[in-house]
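> The chain contents come next:
Number of protein chains: 2
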Amino acid sequence: MAKQPELDDFRVPYFDDGKKNTKFSLDAFDPSAKPFSTGSKDSDRSRLSEIGAQLDNLQERLHAQRKRRVLLVLQGMDTSGKDGTIRAVFHEVDPLGLRIVPFKAPTPVELAHDFLWRVHSQAPAAGELTIFNRSHYEDLLVPTVVGELDAKAFEQRCCHIRQFEEMLAYSGTTIIKCMLHISKDEQRSRLQSRIDDPTKHWKFDVSDLDARKQWDKYQAAYRDALAATSTDYAPWYVIPADSKTHRNVMIAELLLRELEGMKLEYPPAKESLKGIKVE
Amino acid sequence: MAKQPELDDFRVPYFDDGKKNTKFSLDAFDPSAKPFSTGSKDSDRSRLSEIGAQLDNLQERLHAQRKRRVLLVLQGMDTSGKDGTIRAVFHEVDPLGLRIVPFKAPTPVELAHDFLWRVHSQAPAAGELTIFNRSHYEDLLVPTVVGELDAKAFEQRCCHIRQFEEMLAYSGTTIIKCMLHISKDEQRSRLQSRIDDPTKHWKFDVSDLDARKQWDKYQAAYRDALAATSTDYAPWYVIPADSKTHRNVMIAELLLRELEGMKLEYPPAKESLKGIKVE
Numbered sequence: 001m002a003k004q005p006e007l008d009d010f011r012v013p014y015f016d017d018g019k020k021n022t023k024f025s026l027d028a029f030d031p032s033a034k035p036f037s038t039g040s041k042d043s044d045r046s047r048l049s050e051i052g053a054q055l056d057n058l059q060e061r062l063h064a065q066r067k068r069r070v071l072l073v074l075q076g077m078d079t080s081g082k083d084g085t086i087r088a089v090f091h092e093v094d095p096l097g098l099r100i101v102p103f104k105a106p107t108p109v110e111l112a113h114d115f116l117w118r119v120h121s122q123a124p125a126a127g128e129l130t131i132f133n134r135s136h137y138e139d140l141l142v143p144t145v146v147g148e149l150d151a152k153a154f155e156q157r158c159c160h161i162r163q164f165e166e167m168l169a170y171s172g173t174t175i176i177k178c179m180l181h182i183s184k185d186e187q188r189s190r191l192q193s194r195i196d197d198p199t200k201h202w203k204f205d206v207s208d209l210d211a212r213k214q215w216d217k218y219q220a221a222y223r224d225a226l227a228a229t230s231t232d233y234a235p236w237y238v239i240p241a242d243s244k245t246h247r248n249v250m251i252a253e254l255l256l257r258e259l260e261g262m263k264l265e266y267p268p269a270k271e272s273l274k275g276i277k278v279e
Numbered sequence: 001m002a003k004q005p006e007l008d009d010f011r012v013p014y015f016d017d018g019k020k021n022t023k024f025s026l027d028a029f030d031p032s033a034k035p036f037s038t039g040s041k042d043s044d045r046s047r048l049s050e051i052g053a054q055l056d057n058l059q060e061r062l063h064a065q066r067k068r069r070v071l072l073v074l075q076g077m078d079t080s081g082k083d084g085t086i087r088a089v090f091h092e093v094d095p096l097g098l099r100i101v102p103f104k105a106p107t108p109v110e111l112a113h114d115f116l117w118r119v120h121s122q123a124p125a126a127g128e129l130t131i132f133n134r135s136h137y138e139d140l141l142v143p144t145v146v147g148e149l150d151a152k153a154f155e156q157r158c159c160h161i162r163q164f165e166e167m168l169a170y171s172g173t174t175i176i177k178c179m180l181h182i183s184k185d186e187q188r189s190r191l192q193s194r195i196d197d198p199t200k201h202w203k204f205d206v207s208d209l210d211a212r213k214q215w216d217k218y219q220a221a222y223r224d225a226l227a228a229t230s231t232d233y234a235p236w237y238v239i240p241a242d243s244k245t246h247r248n249v250m251i252a253e254l255l256l257r258e259l260e261g262m263k264l265e266y267p268p269a270k271e272s273l274k275g276i277k278v279e
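Chains as they are written, first to last, in the working numbering: chain U, 1 to 279; chain B, 1 to 279.
Keep in mind the hints are simulated off the structure, nothing from the lab.
Some hints here could point you the wrong way.
Just so you know, same-sequence chains aren't split out, so a pair can sit in one copy or run between any two.
[Unchecked claim] Computed list of lysine-lysine pairs in PhoX-like fashion (alpha-carbon distance at most 20 angstroms, straight line):
no.	residue 1	residue 2
1	K263	K3
2	K104	K41
3	K184	K217
4	K34	K3
5	K244	K104
6	K200	K3
Using the sequences and the accompanying hints, generate a full structural model.
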């Protein structure tokens, strides 16, 4: 009998795992695989809705407790489905409890600071579930691909990221990082459909094709970035994402596991309120 | 035949409406009325879900166009349902397109600035729909009730608010302000149920009862604040809110009308993309 897939099979080996980490390769993960699919799109959708309701409840506890913080980082090539994930996975979650932070190309003011400055100011507060739609990892990937970051500077940034994330985790933040892994073929078809549908042109910029031309360089940069920054306090997961429903279910399952693992409870009743009659 | 209720019947007369404005009184609005209810809770819920889907579509256009901004301000006494409104009305709207900003008691840093400072920094950007869960109006209401703002200072703040909101509107922001109007009896029952249910204690602070003791003063402050800051560029609406489903439907209808009135269209197709084949 085939082994049941486990979420941790898709976790990038930790940076300090030595040999295991060195061997890590994105090619080992099939972007079209659907290990966490329940069998059909329909049942995937009901599973997603089921998890959504649980996430909503867990998020309310997180909020009520106001102690822990949760940070979900979404990274992936263009069209890999970061926006779609947020829409689908958090559909059932109270918008009050979510904060979504998109990171675009840095502005001149942001560039005038260190690369973690704009990110730190958006880190989740106690009781918050914050989603980074792209993140500080862009500042590792893009400059590497365009040749502005040499190997030594890359290592230095990875080191700063590890230290930064360790500090967030130490301060009560659960960090979950997902790389939405699509194939080059799937990206072609998604980009083409944006071009062919004039009502989707607003989602498309010709420069998106430039990044595609650098596909292999990006994959290599992702590999190196993930290998150097997957840690027990801020692990990376590779999410097979050619199938949108699979991607959504897998990320939802992952979040559910992590939030359940936090043992979030409502704060205890306040004795001082006992018997009060409102006038 | 009774006149069909119209949303504008619940709009606070504009500040420069002279006599009409002076006569404005909250007592003229019955908090338990359900003028926009469709008849039953069930049909209200389906209407809400129908509007939700339309709001989702309009919000996507707003986002695609990246020109206009929308600001919804929610104010009301404790338990009037600000959180519940956000949850119910925006359930169908893509979380990507929403930003919800809660304003609590100002921090020392915030107090070291003018009262609009923290609010301005959270104003919606182009393409954004931002919801203020409480707002700069707290800085008008609370200090008035506790006696820290005399009539002259109150007028001055109202004037600054009008000028600030005029500038936001001039710069492309559609501003909609809702006062969730509940009765003193309804608040008693909602506060009591929070006290009687230990799992809801986290939502309750004994100081909430102090504000209730000042009920009449708050109602008077609300009256004066609304009368002095309802303008054609940033109108106030009184929302009868003893019924939660009515409150939700009415606010949803209002938003729908305003967003539809903005004539939001997707940006035109890009000629430059025509015929491109992705390699």
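> Now look at each hint and say whether the structure bears it out.
Results of checking the hints against the structure:
{"no.": "1", "hint": "K263 x K3", "in the structure": "neither (28 angstroms within a copy, 55 angstroms between copies)"}
{"no.": "2", "hint": "K104 x K41", "in the structure": "neither (32 angstroms within a copy, 43 angstroms between copies)"}
{"no.": "3", "hint": "K184 x K217", "in the structure": "within (12 angstroms within a copy, 65 angstroms between copies)"}
{"no.": "4", "hint": "K34 x K3", "in the structure": "within (14 angstroms within a copy, 58 angstroms between copies)"}
{"no.": "5", "hint": "K244 x K104", "in the structure": "neither (23 angstroms within a copy, 39 angstroms between copies)"}
{"no.": "6", "hint": "K200 x K3", "in the structure": "neither (41 angstroms within a copy, 44 angstroms between copies)"}
In summary, the numbered hints that this structure violates are 1, 2, 5, 6.
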